[in-house]
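J.: Residues per chain are reported as follows:
Protein chains: 2
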Amino acid sequence: MIEETSKENIDKRIQRAAEAFQFLKNTTINERAEFMNAVADQIEALGEELLAVTHAETSLPLARLTGEKARTVGQWRSYAKAVAAGIYTEPRIDLAQPEKQKGDLRKYHVGIGTVVVFGASNFPFAFSTAGGDTASAIGAGCPVIVKAHPAHPKTSQIMADAINTVVTAFGWPEGIFSHITGTSYETGAYLTQHSDIQAVAFTGSLQGGKALFDIANRRENPIPVFAEMGSINPVFAFQNLLETKAEILAKEYMASLTLGVGQFCTNPGLFIALKGNSLDRFINTLKDEILNVAPANMLHKGILESFEKHKNIAIEQPNVEIIASANTTTEDGQGHASIIKTNAQTFLNNPVLSEEVFGPFGIVVVCETIDEIREIAHQLKGQLTITVAATDEDLRDNLTLVSLLKDKCGRLLFNGMPTGVEVVYAMQHGGPFPSTTDSRFTSVGPDAVKRFVRPISFQNWPDEFLPEELKNDNPLQISRMVDGEMNSGSLKLQTT
Amino acid sequence: MIEETSKENIDKRIQRAAEAFQFLKNTTINERAEFMNAVADQIEALGEELLAVTHAETSLPLARLTGEKARTVGQWRSYAKAVAAGIYTEPRIDLAQPEKQKGDLRKYHVGIGTVVVFGASNFPFAFSTAGGDTASAIGAGCPVIVKAHPAHPKTSQIMADAINTVVTAFGWPEGIFSHITGTSYETGAYLTQHSDIQAVAFTGSLQGGKALFDIANRRENPIPVFAEMGSINPVFAFQNLLETKAEILAKEYMASLTLGVGQFCTNPGLFIALKGNSLDRFINTLKDEILNVAPANMLHKGILESFEKHKNIAIEQPNVEIIASANTTTEDGQGHASIIKTNAQTFLNNPVLSEEVFGPFGIVVVCETIDEIREIAHQLKGQLTITVAATDEDLRDNLTLVSLLKDKCGRLLFNGMPTGVEVVYAMQHGGPFPSTTDSRFTSVGPDAVKRFVRPISFQNWPDEFLPEELKNDNPLQISRMVDGEMNSGSLKLQTT
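Protein chains in written order, with UniProt numbering: chain A, 1 to 496; chain B, 1 to 496.
Don't take every hint at face value.
Copies of the same chain are indistinguishable here, so a pair counts whether it falls within one copy or spans any two.
[Claimed, not checked] Distance condition first, Cα-Cα at most 16 Å in a straight line; then the derived EDC-like pairs of lysine to aspartate or glutamate:
{"no.": "1", "residue 1": "K100", "residue 2": "D483"}
{"no.": "2", "residue 1": "K381", "residue 2": "D196"}
{"no.": "3", "residue 1": "K301", "residue 2": "D104"}
{"no.": "4", "residue 1": "K450", "residue 2": "E90"}
{"no.": "5", "residue 1": "K471", "residue 2": "E372"}
No lab work stands behind these hints, which were simulated from the structure alone.
The structure displayed is predicted, hence computed values, not measured ones.
Please construct the entire structure, taking both the sequences and the accompanying hints into account.
T.: What follows is the structure, given as structure tokens:
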């Protein structure tokens, strides 16, 4: 039974977070990076007990959890490194020009204020309580209030304890991090509409993310909501590639579609190609491959039920045919990975088939002409990823179509499969609506910090009272733009 | 009489803009910079006729318009330089690590799509048809549809013609720039809710900006709205400064408050200080200074009427006293610059007194204690600017209060006055709601380009098909982050 944190308690925590923000605003990037590295150490030191608890709560295999834990530790460390490098403070200095009556202007980025984080069920470490949203918000200089995901409450508590241990060890205000528990919709809504909350980060369903987005925009002072809400991650397969590699592509596709029982937000749920012998070979290989998928539990019973329900809605649509199916879950023996096929006109005219089914489910759309493929690309909603399965020649033959696909996603792959999201600077995990609420930001990679900062300019401010990032002698030795040119030195001022 | 562009015509222009976006997406930063410099040349070449037309439409003095025209030309050129430097494409490359099974990832920023610009009446050049929003959107790679401000239709048409001349000269698709005219609310709403529009930039009233923001967020695919909606730009005067400089400060304040008949968004409409002899000296100087203000017309009759109406609403509030007033407009002899005073408790408890009165109107809030000043700071809504009139010692004595003020504005001044917005990198023209809808961005300075880009990642994409910004040999010779380090060279790849 999960305890519902009371409104009084939530209010108290929001108040403490506001106080902690005043403290955090005056920390340097180095101090925040040290804090983040200490959190990484703390999580890294959590032993077998954590893995056992999380395995029991999520059914995720221990090997996967071991990897995800390492990734989570790596997130804290790599974001800390980026924060310490001063990348997200982005200092800009335009020196005074007294002869032109122009004053001294210095701008940098500060934390936006208290951030509420709603974790995801499918990544109990990397996208949850101590996940990327929490790490990037603290890196930006923002206190964090986590609403724990009710599917893994014990895991969430262990992670919250790890962060709080570091808060205590550093002697920082306790309001820097708060852990709220509960299952009610009202708790999330209450947090989002509170006037002292300045941003929200969410990973989950379209319904949940859009509800928070709407609440945030109806506030007297609207705030940004960064919701990652899922995607069907289309694969567009072109003719030359399909001819030479139909079987290999089918194996790759099946492996990606069923990886982690299909519970990845970059799961490739849609495959689009021209009809013909090559596509038949691809489909025939899928039929064989699905039988090799090892059954495993889904995250929890609710997800299994939702998967079966939404999958069956898709299967029951007219002009749809099951081409591959096998029992791939162990819980109750009810979960069947399935792939259906349909034709382009059916897909284009039935919006049900464009909705995400969270789990191992895919649709192969068989197109009569390249114009139908173009029409699907044109009609496509925003996606986290799009994969172009093609040869160089295919790309050359389809430049206009590929250019159009750029408008529909955050990450464009040339072959390979979209599952597997590297935590690096060049990652973009975020795409046009409805895959996320704001395609201008990523929730993976150090650039995730950008979501939680805003610029402030100081005009003619005395050096003594400027933040370290903007002082004349550049004590943090970071790269700054001075009069339009990048510069890592201290300022050579003509006046004394 | 202003012609209302028909819905059919608007639809056609949106369609053309979508086509132009596919073209713009494949232009290089150098090509867009050349285009922007050509627009600057074209506007610069517009002679006395432009100034005469705009003077007739806006009543703004020729000297001011000459300066604003130069500023507008300067905006196009400085944004072009920043675009050509590749700052806003922000390339990030993480090379493949085959031994770790990590692919090659390359991210950069592309234009977000078609942008609708609503210009302001108070800056017919710099914040209107060919103003900073249009320049920064085109710099980002976005087609622009301008909804002309009905207060200066001829000026708007001359500017639109200037841009279109360059579009034709470059042989670029005409959809890159469109000029829509009309006075109806429906036209603006129609543009904002059209599914092919990807962002909106607006400068004007809170009512107008918030209406567009709400429309944009209610769309099936919500889009960002960058609305700059005004501000009362408080001046917090501290004791030591006030004691030594009450008279000088009063002169500066009066000059800033009545500059351009008070029609600047950074007009300092609020002055907060402790009661006492120094503040009395400040107020007495205001009484004298207001008599020296040279009368001038406001922008148009509607603005004069609105000024008088809202000023009188403020004056009629309880516990309010006029301390300085003089006729400062020539039109109908009705416009009186006015300054009122009230006490802190009245100001704190009457929200009417915190509303912007667009024009030469100010409120002096006389505080009994520093706690009352702190309470005002705490209750303050978001502002474009806050000015701290202080000595170093005052700052030292009020660190907590000054830290709080940082949360309430985009630009913090140490003495001086906030009117005068430099077009430089370190400028932040944008603050917490309701001064703007998005405090994370500026509408002045080259960084304004950031509003209209979004990142896209390419995974394992063949070099031939990558954008110039991300190719191995770095043909644009821009600074890029490669494996976490900044680098202006070409990539040294180990494989051939």
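J.: Take the hints in turn and mark each one as holding or not.
T.: Structure-based check of each hint:
no.	hint	result
1	K100 <-> D483	within (15 Å within a copy, 42 Å between copies)
2	K381 <-> D196	between (34 Å within a copy, 12 Å between copies)
3	K301 <-> D104	neither (61 Å within a copy, 37 Å between copies)
4	K450 <-> E90	both (10 Å within a copy, 13 Å between copies)
5	K471 <-> E372	neither (59 Å within a copy, 31 Å between copies)
Going down the numbered hints, you'll see the structure goes against 3, 5, while the others check out.
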